[in-house]
Amino acid sequence: MHVHSLTGASAAPILKLSRIFLPPANVDRRFIRDLTGALGSQAVLSAPEDMLLYDYDGSVEQARPDCVAFPRSRSDVVTIVELAAQYRLPLVGRGAGTGLSGGALAREGGVLVVFSRMNHILEIDAENRRAVVEPGVVNLDLSRAVDHLGLYFAPDPSSQKSCTIGGNVSENAGGPHTLAYGVTTNHVTGLEVVLPEGKIVRLGGKTEMPGYDLTGLLVGSEGTFALVTEITVKLSRKPEAVKTLLAIFDDIANAPETVAELTARAITPAACEMLDGWTLRAIEDFVHAGFPRDSAAVLLIEIEGLAESVEEQSAEVIDICNRNHAREVRLARDAAERDLLWKGRKNAFGAVGRLSPSYYVQDGVIPRTKLPETLKRIDEIGKKYGFQIGNIFHAGDGNLHPIILFDQRDRAQFDRAVAAAGEIMRHCVESGGALTGEHGVGMEKNELMPLMFSDADFDLMRRMRSAFNPEGRLNPGKIFPLGKSCGEIRVMPPAPVPA
Amino acid sequence: MNTATEAVALRIARAFSEAEVVGDAAVLERYEVDDLRPGAAIFPRSSADISDILQFAASEKMAVIACGSRTKLGIGSPPHKYDVALDLSRLNRVLSYEPRDLTLGVEPGVTISALSEVLAAENQFLPLDPPFAASATIGGIIASDSVSPLRQRFGGPRDFVLGMEFVTGYGAQSKSGGRVVKNVTGYDLHKPLIGSLGTLAVITRINLKTFPIPQSRAGFSIMVPKLSDVQMFFQAIADSPLEPIALAAFSSGAEISRSRSGSGSWNALAVTAGNDAVVTRYRRDFSTAVTRIPGAEMAELGPSEFNQNYEFVREFPRLAKESSASAVVFRIAALPAAIASVIERLQDALQRAEVNCDVLAHAFGLIYFAVLPDRNVAMDRLGALAAEVFQLVVDAGAQARIEFGPTALKRVTRVWGPARADFELMARVKRTFDPENILSPGRFVEGM
Chain A
1356 MHVHSLTGAS AAPILKLSRI FLPPANVDRR FIRDLTGALG SQAVLSAPED
1406 MLLYDYDGSV EQARPDCVAF PRSRSDVVTI VELAAQYRLP LVGRGAGTGL
1456 SGGALAREGG VLVVFSRMNH ILEIDAENRR AVVEPGVVNL DLSRAVDHLG
1506 LYFAPDPSSQ KSCTIGGNVS ENAGGPHTLA YGVTTNHVTG LEVVLPEGKI
1556 VRLGGKTEMP GYDLTGLLVG SEGTFALVTE ITVKLSRKPE AVKTLLAIFD
1606 DIANAPETVA ELTARAITPA ACEMLDGWTL RAIEDFVHAG FPRDSAAVLL
1656 IEIEGLAESV EEQSAEVIDI CNRNHAREVR LARDAAERDL LWKGRKNAFG
1706 AVGRLSPSYY VQDGVIPRTK LPETLKRIDE IGKKYGFQIG NIFHAGDGNL
1756 HPIILFDQRD RAQFDRAVAA AGEIMRHCVE SGGALTGEHG VGMEKNELMP
1806 LMFSDADFDL MRRMRSAFNP EGRLNPGKIF PLGKSCGEIR VMPPAPVPA
Chain B
383 MNTATEAVAL RIARAFSEAE VVGDAAVLER YEVDDLRPGA AIFPRSSADI
433 SDILQFAASE KMAVIACGSR TKLGIGSPPH KYDVALDLSR LNRVLSYEPR
483 DLTLGVEPGV TISALSEVLA AENQFLPLDP PFAASATIGG IIASDSVSPL
533 RQRFGGPRDF VLGMEFVTGY GAQSKSGGRV VKNVTGYDLH KPLIGSLGTL
583 AVITRINLKT FPIPQSRAGF SIMVPKLSDV QMFFQAIADS PLEPIALAAF
633 SSGAEISRSR SGSGSWNALA VTAGNDAVVT RYRRDFSTAV TRIPGAEMAE
683 LGPSEFNQNY EFVREFPRLA KESSASAVVF RIAALPAAIA SVIERLQDAL
733 QRAEVNCDVL AHAFGLIYFA VLPDRNVAMD RLGALAAEVF QLVVDAGAQA
783 RIEFGPTALK RVTRVWGPAR ADFELMARVK RTFDPENILS PGRFVEGM
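Protein chains in written order, with the numbering used here: chain A, 1356 to 1854; chain B, 383 to 830.
Warning: the hint list may mix true and false statements.
As the list claims (entries may be wrong) - Result set (DMTMM-like, lysine to aspartate or glutamate): computed pairs, CA atoms no more than 25 Å apart in a straight line:
(1) A/Lys-1554 with B/Asp-621
(2) A/Lys-1589 with A/Glu-1612
(3) B/Lys-591 with A/Asp-1383
(4) B/Lys-608 with A/Glu-1683
(5) B/Lys-443 with B/Asp-406
(6) A/Lys-1516 with A/Asp-1689
(7) A/Lys-1738 with A/Asp-1765
(8) B/Lys-608 with B/Glu-480
(9) B/Lys-591 with A/Glu-1671
(10) A/Lys-1593 with B/Glu-480
(11) A/Lys-1589 with B/Glu-828
(12) A/Lys-1698 with A/Glu-1785
(13) A/Lys-1589 with B/Glu-411
(14) A/Lys-1589 with B/Glu-736
(15) A/Lys-1554 with B/Glu-480
(16) B/Lys-463 with B/Glu-736
(17) B/Lys-591 with A/Glu-1667
(18) B/Lys-463 with B/Asp-541
(19) A/Lys-1554 with A/Glu-1478
(20) A/Lys-1731 with B/Glu-480
(21) B/Lys-591 with A/Asp-1689
(22) A/Lys-1589 with B/Asp-658
(23) A/Lys-1593 with B/Glu-770
(24) A/Lys-1593 with A/Glu-1683
Everything labelled a hint here was simulated from the structure, so no lab data went into it.
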């Protein structure tokens, strides 16, 4: 049986030299026998060629598991976790494998727990606007399931057609509309988790609960505290009115200045995305979304809410765009035109993937007022390292996704791409921002963590990880700097000493 | 001063400069928590001071309770031990305010009223509109997860606190989150600090999102004959595209009544914000909703009526607490659709027991239920009533805790409600932050 049909779509695979070597799994065969005995042969994979399908995600990272298990229920998860505990094996949760920081890769081998078969919506409570789902439910499937009730699930990562809510919870995923509605953690009120010793615990629930906010602590812990088996989420009411504007600029500098003024003037669009000329042309060649090919940058701005408020706010937005020298501000005439613009935005990475053997998506955050200078700095860094860097930003909340185009088959290029990314990240942190806004640290940015955190911070975070995951078997090698080179082809620059 | 407290004051004074430590009994009386008086009060000026104090306290196994303006020290179970009051009122600076970024970083001792003035100068505000508004500090508001009526529209602190700096129980100066509006770098260690009553760490900086003050605001009073009508009105709003910034209901008359134990008419306060066209829309849609409820009436509130109603809603837990020394104020989290049924069960029980009560319900699913017995009520009777309230709330699928109540009651009652399976995990979190159990020991769930 082949399993890739079960795992949902993954991000575009990247050709990796190391794939030609297929070492045999180094996991105890008795473990595979016991696991297969408990779950059935349809629920376990361990052949080296099968592991190839699970050694990558949407990032530039790779790491091969020793075996893959497909639980169908929480009791399957407990079985897997208890057996892994007995054999002292690492455990790594995975949804659709769309993550962008290597969060769902088995960095130290062991068991990859793929939740694609736990994909049931368990409860829809429309009058209280809550839903209870299994972790393998695809993000957009939940919104589709409640669409007829006038409701939706607000977090909308670009991969929402394939990414799972379990993955969203682990990474605390965002998306364009988190500008107005918040990221995953703002929409999760309860979790059921399995701890590495096999114990099932419910945290939070449909309402606020007395006690520490463990749900808030677990969301975004990148699978290092527990495996999540059930998620209680808030549903949101679909807005009465939506206006989608496309502001077109001839000078790229005017776009971030427009965003800064929108923020300063206290206009909160539901989404405010920026694409530079190079990126939007790449998208047009692929999707034909309607972005003008001759422009230097566009802003995709969405205003939602009561009809009366949308009317006024969109007039203000148009005024601000015009005052910041927009060549033109177009209004999507209908849902089809709006969907097309968003299709362009959400397929940006796919569009870029057609133009280059590899690309490296960054996820830095800066204070919104620093957008104009940051755009200049990224341009300088691209020139310094000799890379085309495409710019696609959740501009409204200062979350940047510069895309570095390179050829991963060329080791020297890969190293330069990593160095260029490191400089962009340093700029973000030095500007008062953060290393990651929504993709997570994973095994991609862990060596950069000392830019933001002190020894005391790491010590406390390690203590907290140990409180849940004392043997460190849950998702090892993530978040914390290892201070050494890692992976088969991956070399990070040495972490700088914190000031 | 007895020998034990004297010793604490002496040891603290010896370890730190005299100017920062107070051992005067008259002063220390102000820092009492559930009849326990500390041996010393200390006034740190920096995170480094707090780190020194907590390292000393941890090595000496001294129990420390952090406080701001001391309005909510009565929340939680009685502490097991209390040696030092850590008064954070001198950490009262606004550390960074970037109006153009809508972000703010403040020390915990800043009062919400002082902060509101700073923000208003830039036409911004924080949706933290807490009880004890006249003196509450931002640190206390966050540490007790105070409820603002504006939670209806803006969510609670967990939705707009961006990050924190804090000192752990072992004296480490650490942090979590950041200063930008979107950030998933590292664990969200500040999330459990919200509402932790200072049992995990001492907060030294809070970074928050700020919000633009809406163009205009309007308040509507909706008077309905019965409790089920309140539910109907709340549901009508929930099913509509309307998003009032506050929506709460209370039994008629904006004052804590000592004679309301059941039936009677209800008042809903709906606050809207936006431009004139938006307010007009709300007026129209509210009227339509009201005409569907027999006997219901609606009035738009003038400025003074609005203030009176809004302050009552905001200050309800304080007013209920201050109405009587024997008042027990429950904070109950319920599903929005279950609000009326929870209240009805509780009111029926109190009516059967012939004890007065009063209630305030926020439409987002939070109820303050005040049990208002006679001043000379026997503690075992009050304990039995509290147990009944907890049971009824559990049966209705809701969650309750005692926010305020007489110390004697709190000593014999599970203030935090029935035990849950995740309390064991909470104990792990507590041990991680505060391994020597010196921070407010005993005030939190399961005696943490």
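Evaluated hints:
| no. | hint | result |
| --- | --- | --- |
| 1 | A/Lys-1554 with B/Asp-621 | violated, 39 Å |
| 2 | A/Lys-1589 with A/Glu-1612 | violated, 34 Å |
| 3 | B/Lys-591 with A/Asp-1383 | violated, 51 Å |
| 4 | B/Lys-608 with A/Glu-1683 | violated, 55 Å |
| 5 | B/Lys-443 with B/Asp-406 | holds, 22 Å |
| 6 | A/Lys-1516 with A/Asp-1689 | holds, 22 Å |
| 7 | A/Lys-1738 with A/Asp-1765 | holds, 19 Å |
| 8 | B/Lys-608 with B/Glu-480 | violated, 47 Å |
| 9 | B/Lys-591 with A/Glu-1671 | holds, 22 Å |
| 10 | A/Lys-1593 with B/Glu-480 | violated, 32 Å |
| 11 | A/Lys-1589 with B/Glu-828 | violated, 29 Å |
| 12 | A/Lys-1698 with A/Glu-1785 | violated, 34 Å |
| 13 | A/Lys-1589 with B/Glu-411 | violated, 45 Å |
| 14 | A/Lys-1589 with B/Glu-736 | violated, 39 Å |
| 15 | A/Lys-1554 with B/Glu-480 | violated, 45 Å |
| 16 | B/Lys-463 with B/Glu-736 | violated, 37 Å |
| 17 | B/Lys-591 with A/Glu-1667 | holds, 24 Å |
| 18 | B/Lys-463 with B/Asp-541 | violated, 33 Å |
| 19 | A/Lys-1554 with A/Glu-1478 | holds, 23 Å |
| 20 | A/Lys-1731 with B/Glu-480 | holds, 22 Å |
| 21 | B/Lys-591 with A/Asp-1689 | violated, 33 Å |
| 22 | A/Lys-1589 with B/Asp-658 | violated, 30 Å |
| 23 | A/Lys-1593 with B/Glu-770 | violated, 40 Å |
| 24 | A/Lys-1593 with A/Glu-1683 | violated, 29 Å |
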